[in-house]
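J.: Spelled out, the chains give:
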Amino acid sequence: MADNIIPRRRFLVGAGLASTAVAAGLASEVPAPAQAETVAAPPPPHAAAEPEPLLMLTATEAAFITAVVDTLIPADELSPSGSDCGIVTFIDRQLASDWGGGAKMYRSGPFHKGKPEQGYQLALTPRQFFQTGIAEANAWSQKTYGKELDRLSPPDRVAALKAMEEGKAEFVSLSSRAFFNSLLSITMEGFFSDPAHGGNRNCVSWKMLGFPGLPATYAQKFEAYRDKRYVAPPRSMVDFS
Amino acid sequence: MATRLKDVDAVMVGMGWTGAILARELTKAGLNVVGLERGPDRTPGENFILPAIRDELRYVQRLELMQDNSVDTITFRNAASEMALPIRRFGAFLPGEGVGGSGIHWGALHWRFTPADFRIRSHISERYGTKAISEDMTIQDWPLSYAELEPYYDKFDKICGASGKAGNLKGKIVVGGNPFEGPRSDDYPNKPIKSAAPSLMFAEAAKSLGYHPFPAPVAIASAPYKNPEGIALGECQYCGYCNRIGCEANSKASANNTIMPMLRSEPKFSLRTRAFVTKLNYDKASKKATGVVYTDMRTGEEYEQPANLVVLTSYVFSNTQALLLAGIGEPYDRATGKGVVGKNYCYQFEAGAAAFFEDKEWNTYMGSAGVGMCIDDFNGENFDHSGLGFFGGGYFFCGQAAAPPIAGRNVPHGTPRWGSEWKRATVKWYPRFARFNTQGSVYANRENFMDLDPTYKDVFGRPLIRMTYNGTENDHKMSRYLLGKLEEIIKAMNPTHYEMYPRPRNFTIVPYQSTHNTGGTMMGADPKTSVVNRYLQAWDADNLFIMGASVFPQQHGYNPTGTLCALAYWSANAITEKYLKNPGPLVHA
Chain A
1125 MADNIIPRRR FLVGAGLAST AVAAGLASEV PAPAQAETVA APPPPHAAAE PEPLLMLTAT
1185 EAAFITAVVD TLIPADELSP SGSDCGIVTF IDRQLASDWG GGAKMYRSGP FHKGKPEQGY
1245 QLALTPRQFF QTGIAEANAW SQKTYGKELD RLSPPDRVAA LKAMEEGKAE FVSLSSRAFF
1305 NSLLSITMEG FFSDPAHGGN RNCVSWKMLG FPGLPATYAQ KFEAYRDKRY VAPPRSMVDF
1365 S
Chain B
14 MATRLKDVDA VMVGMGWTGA ILARELTKAG LNVVGLERGP DRTPGENFIL PAIRDELRYV
74 QRLELMQDNS VDTITFRNAA SEMALPIRRF GAFLPGEGVG GSGIHWGALH WRFTPADFRI
134 RSHISERYGT KAISEDMTIQ DWPLSYAELE PYYDKFDKIC GASGKAGNLK GKIVVGGNPF
194 EGPRSDDYPN KPIKSAAPSL MFAEAAKSLG YHPFPAPVAI ASAPYKNPEG IALGECQYCG
254 YCNRIGCEAN SKASANNTIM PMLRSEPKFS LRTRAFVTKL NYDKASKKAT GVVYTDMRTG
314 EEYEQPANLV VLTSYVFSNT QALLLAGIGE PYDRATGKGV VGKNYCYQFE AGAAAFFEDK
374 EWNTYMGSAG VGMCIDDFNG ENFDHSGLGF FGGGYFFCGQ AAAPPIAGRN VPHGTPRWGS
434 EWKRATVKWY PRFARFNTQG SVYANRENFM DLDPTYKDVF GRPLIRMTYN GTENDHKMSR
494 YLLGKLEEII KAMNPTHYEM YPRPRNFTIV PYQSTHNTGG TMMGADPKTS VVNRYLQAWD
554 ADNLFIMGAS VFPQQHGYNP TGTLCALAYW SANAITEKYL KNPGPLVHA
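As given, the protein sequences belong to chains A and B, one line each in that order.
FYI, the numbering for the first sequence is 1125 to 1365, going by our numbering.
FYI, the numbering for the second sequence is 14 to 602, going by our numbering.
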C-alpha cells in the first residue's frame, strides 16, 4: 500500500522507467501517519495498472498529475484511484493530441487579459498551459510546504488543491483557480470518457454510475424502464471495435 | 489572381439546412447549382456510425463538428465602450462546419413562432398602447404573416418526419397539444416522442396549476418514416447521444439524411467541400451580386465562381460579415441608429433549473435533448404583460437529462467537486435528477449589434465580425419572471431538493448556453429598416438572397431552426415561381 503515497515512484514503476536510486530516495520520505490513512481503502475492485508509454509528460509532470488525479479521484469503495483508472495516461494522450497542441483554436494576437466574460485569452495551447501550470504549482508548493506537490502527505495535497481551487495559491503568471479548474475538468474527462481514450479502465466509472455505454439503443426499453433502473454491463467503443 | 470558373445559374455559400433546401428546390426548377462548403463532407453511413459516434469526449467535449476557430472566429464584448476580444475556442454557442452545418449537432427541437410573433411591434402597440415599447427596443414586425408561412412550416415538418401533437388544427384547439400555437394545416407526420418519468411529473404538476402541457415537438422520427423526398428515416433509439453529435439511428433530421441524398444524385448539382468563400462580388452600379471568391482549402488555390443568383446560406455571423465586407447595404451605426447591416443582433435568453428526487430511480442517460414535456403559457404574447415591466417570454421544458457521463452529471449545489464525498453524491444523484429550461426571447435593443472588428483578422487577413451584446433589463426581467413561474411548478413536483439557475447579469462567452444567434441581415417591409424583403431578397441586389436566422428582426421564445427552414422554402418558392420568370426586385421599395 505504500505505493499509494509515493506517486512519483509508483508512476515510474508503472511507466517502465523505474530508477532504483530515485525510488529508494522517495521511499525514505514516506510519512508514516499518512500511510496509515490510506491503508483504509480496500483493494480496488478493477485495478489495472498496466504500463503505458508516456507521449509527452515528463517524469516530474507525470508525478504531479498522478498526485492530483489520485487526490481528486481517491481509491475508495466506489472506484480505484485516478491513476489506477488510467487517468494519467488519458491526460498524457490528450495533451499530446491535436487538441493539446491548440488545434481549432484562434491564436493570433494582440493578447489582452479582458473580462472574465470574454473567456480564455492566453496565448498558451492546452499543452503549454498544463506545462506552465504544473511548474508554477510545484514552485508554489515548494515555497509553501518545502516540497513539490506529489511529495506532500495526502492531507497536505488536499489542502494544496483546495488552495488552488479557491484561487488562494499564488502562482507567478497563471490564476491558480483557472489551473485547478482545468485539472479538474480533464481529470473528470479521463474518469468518465470511453476507455478507448486511455482512462476509465474497464469502464470503472460507468459501472459506478450504472451507465451501460454502447450500443445505447433504448427504443424498446425507454418506457419499460421508465421508473426503474436498466442494468447492463457497460460496453465501450473498444468492445465494438 | 483567382481563377475564373464557368458561370453557373446559382451558388450556395454554405451547405447546412438552408443551402441544401435552396439547392434542392432550385435544381428541381432546372437551375445548375454549385454548393460551396468550407468544411468537410459528412454522410450518415460513413460518419454517424457505431462505435465512433458514441464518443462523448470527441463530440461533446472536443467539439468535433464545430467551426474551426483557428481559421475564422468572431470577437466579443459586452458593450460598445469595451474592447472586443476574439473567441479563441467556442463556448456559449457552437456554430457547426461541414455539410449539414449546425443542423447535424442540434437538439432538434422543432418549433413554429406564434402568429403574434410575426407582428410583434404592432401587436404590443395595439394591446398595451403605442408608448408601451421603449425607445431603445428596436423590435420590428415581420414582413410576412404566420398564415403565409404556414404551408412552408408544414412542408418542413414532413421533410423532417417531425414528431409531436397538434394543439391547433385549422383553428380547432386539440386537447393534449399546444393550444397557443398558430393554426396548423396538418398534424405532425409522426406521433409524439416518448416521454420520460420526470417530464410526465412536470406535465402533471403544470396541469395542476392550470397550465397546458404537451410533448415537445421534435425533428426526430418517433417511428420509421419516409419523407416526401422518398428518403427513409429510422425510429429514435433514445440513445442520449444527441446534442453536438450526429444521429446513428438516422432519426434526428439533418440536411444530410433528409435532402442531401437526393442532391448527391442530381446532375445539376455540384458540391465543393473545403471551399472557403472569402468574398461576395458585388457590382454597385448595376446593383447585382456577380458571384463569389473562394479558396480551395486543400490546395490554397483561389477561384472566382460567377453566378446569376447568389444565395448566402451560412450562419448568422458569416452572412453579416459577407455583406459588410462587400459593402452591400448600409452598416448599422449605433450612435445614430441609422443603417441596417449588423443591426438587431439577438441571442436566446435561456435560464433553467435542476431538481433532485431521493426516492426515484431513472435512467437519465436515455432520451435525447428534445425528449420532454413543455408548456407555452408564458411565451411571447400568450400571456398578459400589463404591469409586468417587460415584453417577451419563452416556453418551459422538462426533460430527462439525456445525461452522458462526462457532461451530464449533476449534484446539488454545495457538494464538493471532487474526492470521495463528491463520488458518493454523484452515484446517488446521477439516476435521480431532472432538468428544466426556459427558452427566453431576446427583444432587439439598439445597443446590441455586429460590425467588423478593427483589430483581429482571420487567416485570409479579413477583419473578424465583432459582436457587441449584453442582456437587457427587459430580458432579465422576463427571465426572472419565467423562472418564478417555473419554480412554482417544480415545487408542485415535490423534489427532495431543487435549484434555480438564473442568468448572470452580464452575458458571458463561456460556458455553453445556446446556439441561437439571430439578426444582422434582417427582413422588413422597408429598405431603410431592413436588409432583405419578405422573400429574403436583398434590397440592394435583386439576385442576392439571404437565408437563416440572420434575417430574424428579433428572437422569439422558440428554437429558430423550424422557422428559418420554413422561410428557406418560402423564399425558394418565390425564386422559382416569381423571380426566375421575371428577374428583378420582388418587392418595390
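Possibly wrong hints are sitting among the right ones.
So, partial list: chain B residues that the calculated Cβ filter (under 7 Å) puts toward chain A [claimed, not checked]:
no.	residue
1	Tyr378
2	Ser433
3	Tyr511
4	Asn519
No farther apart than 16 Å at their CA atoms in a straight line, the calculated lysine to aspartate or glutamate pairs in the EDC-like style are these [to be verified]:
no.	chain 1	residue 1	chain 2	residue 2
5	A	Lys1352	B	Asp539
6	A	Lys1237	B	Glu95
7	B	Lys351	B	Glu248
8	B	Lys301	B	Asp20
9	A	Lys1345	B	Glu248
10	A	Lys1267	A	Glu1294
11	B	Lys373	A	Asp1351
12	A	Lys1352	B	Asp555
13	A	Lys1345	B	Glu374
14	B	Lys591	B	Asp555
15	B	Lys207	A	Asp1351
16	B	Lys183	B	Asp154
Pair by pair, the computed Cβ-Cβ distance ranges are [as the list claims (entries may be wrong)]:
no.	chain 1	residue 1	chain 2	residue 2	range
17	B	Val472	A	Pro1177	26 to 36 Å
18	A	Lys1352	B	Glu242	51 to 61 Å
19	A	Glu1294	B	Pro425	28 to 38 Å
20	A	Lys1352	B	Asp149	46 to 56 Å
21	B	Pro425	A	Lys1352	18 to 28 Å
22	A	Thr1268	B	Gly340	52 to 62 Å
Think of the hints as simulated: they come from the structure by calculation, not from any bench.
Built from N, CA and C at the ideal position, the CB exists for glycine as well.
J.: Each hint: holds or not?
T.: Here is how each hint holds up against the structure:
| no. | hint | verdict |
| --- | --- | --- |
| 1 | Tyr378 | 5 Å, holds |
| 2 | Ser433 | 5 Å, holds |
| 3 | Tyr511 | 20 Å, violated |
| 4 | Asn519 | 5 Å, holds |
| 5 | A:Lys1352 - B:Asp539 | 58 Å, violated |
| 6 | A:Lys1237 - B:Glu95 | 13 Å, holds |
| 7 | B:Lys351 - B:Glu248 | 50 Å, violated |
| 8 | B:Lys301 - B:Asp20 | 15 Å, holds |
| 9 | A:Lys1345 - B:Glu248 | 13 Å, holds |
| 10 | A:Lys1267 - A:Glu1294 | 10 Å, holds |
| 11 | B:Lys373 - A:Asp1351 | 7 Å, holds |
| 12 | A:Lys1352 - B:Asp555 | 60 Å, violated |
| 13 | A:Lys1345 - B:Glu374 | 15 Å, holds |
| 14 | B:Lys591 - B:Asp555 | 12 Å, holds |
| 15 | B:Lys207 - A:Asp1351 | 14 Å, holds |
| 16 | B:Lys183 - B:Asp154 | 24 Å, violated |
| 17 | B:Val472 - A:Pro1177: 26 to 36 Å | 35 Å, holds |
| 18 | A:Lys1352 - B:Glu242: 51 to 61 Å | 40 Å, violated |
| 19 | A:Glu1294 - B:Pro425: 28 to 38 Å | 31 Å, holds |
| 20 | A:Lys1352 - B:Asp149: 46 to 56 Å | 53 Å, holds |
| 21 | B:Pro425 - A:Lys1352: 18 to 28 Å | 23 Å, holds |
| 22 | A:Thr1268 - B:Gly340: 52 to 62 Å | 59 Å, holds |
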